[in-house]
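Undergrad: Sequence:
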Amino acid sequence: MASRPTRASEDARALRQTRLSAERGTLFKQAAHAMALVYPSPYPVAMSSLGFQTIYREINAHSGYAAERAFLPDHVDAFRRARMPLFTYESERPVGDFPMIAFSVAYELELAGVLTALELAGVPPLAEERDARHPFVLMGGPLTFSNPLPLAPFADAILLGEADESIHAALDVLARCRNREEACRDLAATVSNAFVPSLHGAQLPALGRCDDSRLPAYAPILTPDTEFSDMFLVEAVRGCSRGCAYCVMRRGANSGMRIVPKERVLELIPSDARRVGLVGASVSDHPEIVEIVETLAAQGREAGLSSLRPDRLDARFVSALRRAGYRTLTTAADGASQRLRDLVERRIQEKDLIRAAELARDHGFKRLKLYLLIGLPGETDADVDELVRLARELARIHPLALAVAPFVAKKNTPLDGQSFAGIKVVEERVAQLRAALGKVVDLRATSARWAWVEYRLAQGAAAEGRAALSAVHAGGRFSDWKRALGNS
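The sequence shown begins at 16 in our numbering and counts up one residue at a time.
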């Protein structure tokens, strides 16, 4: 006799239906091969990801494949208690019933979501424990630009770097292969950016790079239930021409910055999109970015940019941003002092930040918001004192908010291998800033503890991936991660 649905299962399905009915552009498709595309964070985060939406569009554009989306539940514990299988939004089909599951992973801490999603789907997380009854598990996403090795124990294959193009080659291989072993062998042999842990060990192939003709990436679905409500996301640049030493997307990584022409960006925007997100690691360096924002403002649309470089801001640019709906002018200082900004090759000066505060004041913004890194190599109390002085000066010009994050060294950057400053050190630095700035500045800081976990995964390999599984099984608290990863 079938079990009665629980309140939790009814709520989860009702939430899915509410979100689905509010979407515009959802891709419903029937094809010979169906797959589940999973984002290892909840729906609002997933649908704010241009990469996730782009790969969803690319898979559904493939003649033989259809992709259905699934997300980490908003309330994982309720899902577990109800013994609900993870299901897709398009059809409510259990994810574990698909012959293939693909994951788009943005950063290290989402590894916990990958493991949870697999277990909710009834799929053994470790690839070595899966057999012919289980789906083929393919992974990719922004994390693969730095270090995919912690994903290796859980993936049959991983597409490294850009997958806009290589996903089609991979799907062709998967469609013709009769079993997991054949698929792994053929992917390793024919798809240049396919990393197959069972065959490659820890030897990584080159990052994928799609042809420029495939640019830009853009999101097919508009939805109000995201971090960027009803915002159409479109790529204006890919990569970066700058050399910031901490950044995975820095100059020279995967061919530097590639620019999408203004006309191409504008022609992709749906007529009913009132809000447009212009995406790219260096979007404010686009040579026509001011004209793009001015056009959007003239059309009565709001615009959002994924990054603003302070040295690119001038009266015309800031005025266009204000007319396009900006209320907070957000940019980045990164290093606490000019010495540290120079160390990490952050090409800005103190005068650029002062000018940004003046522009925010003169154009009626609510506040200036600055992103900062604490715990860079060689940082001293004197560097933090310089930041306090500058923050006070900026706050005298215009209301200021600081978003402080601990520095985490990433693979494939010049600062790869640098030590984490230490949880205690970072917490003391943040406390020093709070004490010195008081109510003058709105200061918010990212957890030093979770930054340490991110650091261990960012610098780790398959062993750290297996440790993540132990941490998740133990409950996923920081103490569980600390125990699993060790104190070093």
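A few of these clues could be false.
[To be verified] Calculated lysine-lysine pairs in the DSSO-like style (CA-CA distance at most 30 angstroms, straight line):
#1 439 with 426
#2 439 with 454
#3 366 with 381
#4 439 with 497
[To be verified] Derived CB-CB ranges, DEER-like:
#5 284 with 204: 36 to 44 angstroms
#6 331 with 411: 22 to 30 angstroms
#7 289 with 457: 50 to 58 angstroms
#8 108 with 440: 44 to 52 angstroms
#9 141 with 78: 27 to 35 angstroms
#10 330 with 32: 34 to 42 angstroms
#11 386 with 90: 27 to 35 angstroms
#12 90 with 485: 43 to 51 angstroms
Keep in mind the hints are simulated off the structure, nothing from the lab.
Because the structure is a prediction, the values reported are computed rather than measured.
Glycine included, every Cβ here is placed at the ideal spot set by N, Cα and C.
Undergrad: Would you list, in rising numerical order, the hints stated earlier that this structure does not obey?
TA: 7, 10 and 12
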